[in-house]
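*Asks:* Letter by letter, the chains look like this.
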Amino acid sequence: AQSVTQLDSHVSVSEGTPVLLRCNYSSSYSPSLFWYVQHPNKGLQLLLKYTSAATLVKGINGFEAEFKKSETSFHLTKPSAHMSDAAEYFCVVSEGTGNQFYFGTGTSLTVIP
Amino acid sequence: GAVVSQHPSRVICKSGTSVKIECRSLDFQATTMFWYRQFPKQSLMLMATSNEGSKATYEQGVEKDKFLINHASLTLSTLTVTSAHPEDSSFYICSVQTSRDTLDEQFFGPGTRLTVL
Chain W
1 AQSVTQLDSH
11 VSVSEGTPVL
21 LRCNYSSSYS
31 PSLFWYVQHP
41 NKGLQLLLKY
51 TSAATLVKGI
61 NGFEAEFKKS
71 ETSFHLTKPS
81 AHMSDAAEYF
91 CVVSEGTGNQ
101 FYFGTGTSLT
111 VIP
Chain F
114 GAVVSQHPSR
124 VICKSGTSVK
134 IECRSLDFQA
144 TTMFWYRQFP
154 KQSLMLMATS
164 NEGSKATYEQ
174 GVEKDKFLIN
184 HASLTLSTLT
194 VTSAHPEDSS
204 FYICSVQTSR
214 DTLDEQFFGP
224 GTRLTVL
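Line by line, the protein sequences are chains W and F. Number 31 in the numbering used here belongs to position 31 of the first sequence; there are no gaps in the numbering. Whatever position you read off the second sequence (first residue = 1), add 113 for the numbering used here.
Please note: incorrect hints may appear among the correct ones.
[To be verified] Only pairs whose alpha carbons sit at most 20 Å apart, straight line, appear in this in silico SDA-like list of lysine to any residue:
#1 W:K42 - F:P153
#2 F:K177 - F:R150
#3 W:K49 - F:G114
#4 F:K154 - W:H10
#5 F:K168 - W:Q100
#6 W:K42 - F:K168
#7 F:K168 - F:T193
#8 F:K179 - F:E200
#9 W:K68 - W:K42
#10 W:K49 - F:D217
#11 F:K154 - W:D8
#12 F:K177 - W:Q100
#13 F:K168 - F:L181
#14 W:K42 - F:P121
#15 F:K177 - F:T193
In short, the hints are calculated from the structure, not lab data.
Turn these sequences into a full structure, and let the hints steer you where they fit.
*Replies:* Pasting the structure below:
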C-alpha cells in the first residue's frame, strides 16, 4: 500500500528564515516522489522530483529535498523564505503501477514580512 | 514538459443541469490524461484516467454515469458532470503525463471551479 503524510497542515516562517515542510511516505515498491506547489487560483507547478537517482534533489526557486529511505521521508527545504513562497505545497508519491499519483493533504506555507 | 489548459476556469450552474469541462494538452499528444477533484482545503483525489480512443478507468467510489469522460483526440479530454448537485461543487483538475515512464511527473491544468447552486 502507498500513502503520503504531510506532518504539518500549516507552517509559518519569517521572510529570510529557513523553510522545512515535512513529508513521510509508505510504498511497497521503489517510488518516485514529487513536491508540487499551488498558488491561489493557479495550477499545480512541479518544484522537484526524485526518481531513484541522487537522493538530494534540487528544484526550482531554491527549494531542495532529500530522499531518506531509512526514514521514509522526503522533506522539502529552502534556506531563506521569500514572500512569493507563500502557497500550498503537496508531497506526491508514485509507484508507477497504474499511473497512480498519491497526494498528501498539503501544507499551507505563510511567510511573515 | 507539457502545457495544459482547462475551460472554463469557473462555472456556476443550477442543480440538475450538466456541465462540461474541457482539458487540452496544447503542445503534447497525450494518450492518457487524468482527472482529479479537490475539495476546499483538501488534497487532490484521482477520479479517473482518461484514455484516448477507449473507455476511461474510474477510481473506486466515482460514479462513471455521473462523471462522463470522453477522450476523443490526443489533445482533448472532456469531463461532463451530469445532473449536478451542490455536493458536486469542487475544483476539478486535469493532468497529462508526457512520458511512458509512469514514474515520471504529471503536468497539471489550472483547474475548473464548479459551483452548483
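*Asks:* Please go over all the hints and tell whether each is borne out by the structure.
*Replies:* Hints, one by one, checked against the model:
1. Between K42 of chain W and P153 of chain F, the direct Cα distance comes to roughly 14 Å. Compliance with the 20 Å bound is thereby established for this hinted pair.
2. With a C-alpha separation of about 14 Å, the suggested pair K177 of chain F and R150 of chain F falls inside the 20 Å cut-off, and the hint holds.
3. For the given pair, K49 of chain W sits about 13 Å from G114 of chain F by alpha-carbon distance, which is consistent with the 20 Å threshold.
4. The suggested pairing of K154 of chain F with H10 of chain W holds, with an alpha-carbon distance near 11 Å, which does not exceed 20 Å.
5. Taking the CA atoms of K168 of chain F and Q100 of chain W, the gap is about 17 Å. The hint holds against a cut of 20 Å.
6. For the hint linking K42 of chain W to K168 of chain F, the alpha-carbon distance of about 29 Å lies beyond 20 Å, and the restraint is violated.
7. With a C-alpha separation of about 14 Å, the suggested pairing of K168 of chain F with T193 of chain F holds against the 20 Å cut-off.
8. Pair hint K179 of chain F plus E200 of chain F holds up; C-alpha atoms about 12 Å apart against a cutoff of 20 Å.
9. A hinted pair counts as satisfied when its Cα atoms are at most 20 Å apart, and K68 of chain W with K42 of chain W does not qualify at roughly 30 Å.
10. A C-alpha spacing of about 8 Å is found between K49 of chain W and D217 of chain F, which places the hinted pair at or below 20 Å, so the restraint holds.
11. Simply put, K154 of chain F and D8 of chain W have alpha-carbon atoms about 13 Å apart, close enough for the 20 Å limit, and the pair holds.
12. About 18 Å separates the Cα atoms of K177 of chain F and Q100 of chain W, which keeps this hinted pair within 20 Å; it holds.
13. Restraint check for K168 of chain F and L181 of chain F: satisfied, since their Cα atoms lie roughly 10 Å apart, inside the 20 Å limit.
14. Under the criterion of a C-alpha separation no larger than 20 Å, the hint pairing K42 of chain W with P121 of chain F is consistent with the structure, at around 14 Å.
15. Proximity of K177 of chain F to T193 of chain F is assessed by CA-CA distance (about 10 Å); at most 20 Å being required, the pair is judged to hold.
In summary, the structure is inconsistent with hints 6 and 9 from the numbered list given earlier, while agreeing with the others.
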